[in-house]
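Participant: Given these sequences and hints, build the entire structure.
Chains as they are written, first to last, in my numbering: chain A, 1 to 299; chain B, 1 to 186.
Hints are computed from structural coordinates only; laboratory data are not their basis.
Incorrect hints may have been included.
Selected chain B positions facing chain A (in silico; Cβ < 7 Å) [as the list claims (entries may be wrong)]:
#1 Leu54
#2 Pro56
#3 Ser63
#4 Met64
#5 Glu67
#6 Tyr68
#7 Asp88
#8 Thr92
#9 Lys176
Just so it is clear, CB atoms sit at the ideal spot from N, CA and C, and this is done for glycine as well.
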Amino acid sequence: LTKMEVENFEKILSATPHDYTSARELLKFLRSSKVRRSDLVTRYGYKLLTDKSSILPEIELWDVYEQVLIAAFDTSNNQVAQECLNKIVRQFGDKSIRVKRLLAMQKESEGNFKAAEAIYNQILEIEPSNALTMKRQIALRKSALDYQSAVKMLNEYLKIFPTDMDAWMELADLYLSLSAYKLAAFCFEELLLALPHSSHIHNRYAEVLFTLGGPDNIRNARKYFAYSYELVPNSSNLKALFGICTSAIAFASTRQGKGDKENTMIFQWAHAKLMEEYKTSAPQRVSLLQALRLPSENQ
Amino acid sequence: LKRMVILSGEAYSKIILHASKYVHTPVSGILIGNGTGNDVEVIDAIPLFHTEILAPMLEASLSMLDEYCTQKQLKIVGIYYGQEFNSDDRTTIVPQIADKIRSQFPSAFMLMVDNGKFGNATKEVAVKLYSGAKWALDQNLQLKDATNSFGLLESYMSRDLQWRLTDFEGHLEDPKKDWLNESLFK
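Facilitator: Set out below in structure tokens:
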């Protein structure tokens with residue numbers, strides 16, 4: 001849903017780039033949804049700030065400056081970044097923690113990790129539990145390819161802020177990048193406890209279980225994919241349907257799963273749903289679905 | 001007898017566009033083509049993921065690609081991947097997948113996006129080739145019709161085509177989007 005929203009904004013703004021109201025809406029939307037489209041923010045945000053900043057009330061103006069600044073770091077647009085940073089420092093000085101963090105991020109974007117780290121340490125001496133700064137330190141470790149430190153620090157962070165679901169997701173991704181599937185699974189279990197109605201998390205957990213392998217994990221993967229589809233039973237959740245199919249195929253290849261009637265039935269049901277969907281949305285690809293088949297019972 | 005991997009402009013463009021669309025996450029995809037004599041011709045790149053590769057969707061996409069290749073009389077010849085950060089040499093499970101591809105196509109290889117050259121991808125080849133038993137760096141990579149291919153990529157990027165590219169992951173959220181990107185360059 002959020003992706004479609006972004007796409008709509010993109011269409012409007014590329015057709016009418018001076019639609020400052022839409023640009024403002026897009027920026028607001030990106031701030032709240034946290035979708036990362038720094039290219040759009042740099043392009044349309046900077047334009048808004050230079051051409052029509054008067055439509056922004058004071059409090060929103062500085063949020064937008066910060067947003068465009070961070071996006072400019074992201075897209076390596078140093079000129080835009082410097083302009084925004086200058087404006088922010090002129091308005092707020094350079095003594096506040098928030099401004100210090102932005103200055104440190106500029107150091108990061110320049111590759112000056114030592115200087116950035118020094119500022120973050122400074123901030124944490126004043127405010128030891130400043131969450132955003134702790135996260136920047138972890139991001140620094142990632143940029144420096146020091147994954148073991150990033151994992152360690154993220155785990156320490158989560159002891160202090162155990163309800164930060166973004167952090168759990170980040171840790172899960174970090175573990176996956178290190179092929180630490182069991183540890184990633186644990187993160188997804190925490191996420192499932194906090195977000196039991198998330199089809200996305202059910203899918204990811206199922207994917208990790210399947211990757212871990214073994215008949216129990218595979219059968220459980222199938223169940224989590226099925227539950228994900230119950231939560232979101234439509235064409236935006238094909239991952240769940242494909243997940244059911246591949247899990248059922250893998251399960252049917254095990255001693256426990258061979259000939260299992262429930263497994264066969266759920267495979268046929270999911271496969272039929274995929275066929276139905278492809279016939280409407282991707283008719284030229286229907287033939288590819290035939291490649292997904294249960295192993296023959298005689299094997 | 002040097003075995004060359006000849007990368008078509010279209011395949012090269014799709015890899016770079018995929019990596020451009022998802023700069024902040026690892027990307028991966030499959031390369032399809034054919035063996036011609038001693039060499040491998042890479043005709044197309046099929047973008048798959050912009051998250052860490054996990055087994056279920058990999059198996060689903062590979063099964064369907066096998067079928068697609070049979071229909072087009074092509075073969076799965078390799079895998080490409082890219083990491084978020086420069087100098088990140090983690091290959092995660094990519095070599096295992098490349099091994100699996102090699103069991104069906106003995107000249108299979110890996111292509112890694114070269115983040116250092118990525119900003120200059122329209123002027124120098126921003127991917128590295130790995131091959132052999134231990135997946136060692138291999139210099140025998142050639143961009144087919146290089147001048148033309150670079151020019152095409154330049155025009156695709158100026159038209160922001162990376163935002164119209166769909167990978168398998170994207171297709172799973174919207175089946176109307178074609179993960180084979182057959183009409184992307186038309």
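Participant: Hint by hint, say whether it matches the structure.
Facilitator: Checked hints:
Contact between Leu54(B) and chain A, as hinted, is supported at the beta carbon level, the nearest pair being about 4 Å apart and thus within 7 Å. For Pro56(B), the shortest C-beta to C-beta distance to chain A is roughly 5 Å, which falls under 7 Å, so the interface hint holds. For Ser63(B), the suggested interface contact is upheld, since its CB lies about 4 Å from the closest CB of chain A, less than 7 Å. The restraint placing Met64(B) at the interface with chain A holds, with a minimum CB-CB distance near 4 Å, inside the 7 Å limit.
For Glu67(B), the interface hint holds, since its Cβ comes within 7 Å of a Cβ in chain A; the closest pair sits about 4 Å apart. At about 6 Å, the closest approach between the beta carbon of Tyr68(B) and any beta carbon in chain A falls short of 7 Å, and the interface hint on this residue holds. Hint on Asp88(B) holds. Least Cβ distance to chain A is approximately 6 Å, under the 7 Å limit. Interface hint at Thr92(B): satisfied, since its Cβ lies 6 Å from the closest Cβ of chain A, which is below the 7 Å cut-off.
Hint status for Lys176(B) relative to chain A: holds, with the closest Cβ pair at about 5 Å, below 7 Å.
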